[in-house]
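So the sequence lines, in the order shown, correspond to chains A and B.
Per the working numbering: the first sequence = residues 689 to 1022.
Per the working numbering: the second sequence = residues 2 to 200.
Since the hints were derived computationally from the structure, they do not count as laboratory data.
Some hints could be false.
Stated by the list, open to error - Some chain B residues judged to face chain A by a derived CB distance under 8 angstroms, without partners named:
id	residue
1	S86
2	P119
3	N130
Stated by the list, open to error - Some, not all, of what chain B presents toward chain A, calculated at C-beta under 8 angstroms:
id	residue
4	L124
5	A134
6	T141
Given the structure is predicted, the values throughout are model-derived calculations rather than measurements.
Quick reminder that beta carbons are idealized off the backbone N, C-alpha and C, glycines included.
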Amino acid sequence: MSGNGSGITNRARAKRITVFNHKGGVGKTTLTYNIAAQLSVLGKRVLLVDSDPQCNLSAYVIDGEVLDYLLDESDSPTGQTVWTSLKPLSEASGTFKLIDPIELSSRLFLLPGDIRVSDFEEELNDFWRECFQRKRKGFAGIVALSELVNEVCSSHDIDFVFYDSGPNIGPLNRIILLDCDFFIIPAACDLFSVRALKTLGRSLYSWISQWRTMIELAPADMDLLPGHPRFLGYLPQSFSVYRGGIVRNQAKYLSLLENSVRADILVALREFDVAIPGASPKLGEVKDFGTLVAASQTEGVPIYEVRTAGTAEQRAAAREAFKEIAEKIIRQTR
Amino acid sequence: MDDDNDDTGNSAGQEHSDNSAAQALSTIIAVLSRLDEASRLRVLKSVSTFFHDSFVQIAEPPVARSETPSDRSVQARPNFSDDFSPSPKQFLFEKKPHTDVERIACLAYYLTHYRNMPHFKTLDLAKLNTEAAQPKFSNTAYTATNAANAGYLASATKTERQISAAGEMFVMALPDREAAKAAMTSARRRLRSYRKKDE
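Generate coordinates for the entire structure from the input sequences, incorporating the hints supplied.
Printed below as a string of structure tokens:
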């Protein structure tokens, strides 16, 4: 009597990835956009899903006035944000509504975020409880975002999906992680990031084990989230480089981060088989690119395409760093 | 008399040409119907390339997947009454603006001629820019003001703008940059001479 534990029936072939850390300020949105943009440069079709109610990713790539307009219109039938799609579930008036993503460039698409996604997030707690009570409504609510993404992936022939998550351990991030095939952990080189990895490991363990119980409880014909995210690696970022090496007070945290990733993520989640065999836990490194990041957000382009700040060398270094990460993602997700 | 002969000759020629076209069509259909869909598509594309023509609009075969509302719209057959104007993305791709200000001029031209919006606000330009899958402007209002200062846009009402005559000529001349530059220079010269007359 257990559900379709392999996930949604006819799940699109796209690999779903989230750059997730519940600690704020570790570059989730910046990394998400720049990795996705680089994957599109490498010929992959990428869908960005702004599932953070703060809508930072949407503000990164869409004109402020247009984003305000989208948010104003998101309740109307012509709305085009994630909230427009999930609203029927929040209001218990039906299933998700299919929306068209915004095309950012020839192979890069965006499902814009919305502050009202936080309303849906409140409902998610109820849906989660209802799953334990074996209520179909609960399961339908939990998989709604995943089904929306599935439809968009099918209609736009998407290769990779990147969820941009908010800095918290909330129910929305829980369903995103359970829907993903892979996750990446961004981390800054400081004490708080090392500490955060410990609590992150515990949360991930609790989410995956609870969902496995629910899979057993689910009605047989229900579509479910796969609940088997694999660890693509961690990404230390925003560290300073001086004379070719990482500055001393940040370098010590690099080794602490690696130790913590092994102990608090890989060992803690060992029973769920999250590690990719033979892969290094470090996916890459993104040093501090100074003014390029702020200029990239203003211009709405990847760091390596900024026109108004930085030097050609900085842009080339940024391009190389993100290219290496993107190529590694392609290799490891095959 | 000669005219009558000419008419008869022309109509006979026309009839002959119609018959040949019908025969050709019937042969092509007969041959193509023996092929599978992918081969048929390949042959039609090759014929189109051979004749250096883009008049043959060949639809890609639908990818096998579950049907969604957006699929239905993609697969819908075109009607004679369908709008074949270029998409904003296609329009900008063809015009190849080099700067943000030139992009604003192209967007203004598109709003005027393809969206029937001779007067527009900054938001309209920003929305069209998003629709055209272009990078966002750092500050759309500022860029629009720069475009107005450069002569591509003019004021319409208190809160709206319109494309200027010079802006229209500039965009029409694109992607030929020399012609576009010449159009803009001549428009500016004319504007200066009017101003001098007024003084």
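*Ascending list of hint numbers which this structure does not respect*: 1 and 2
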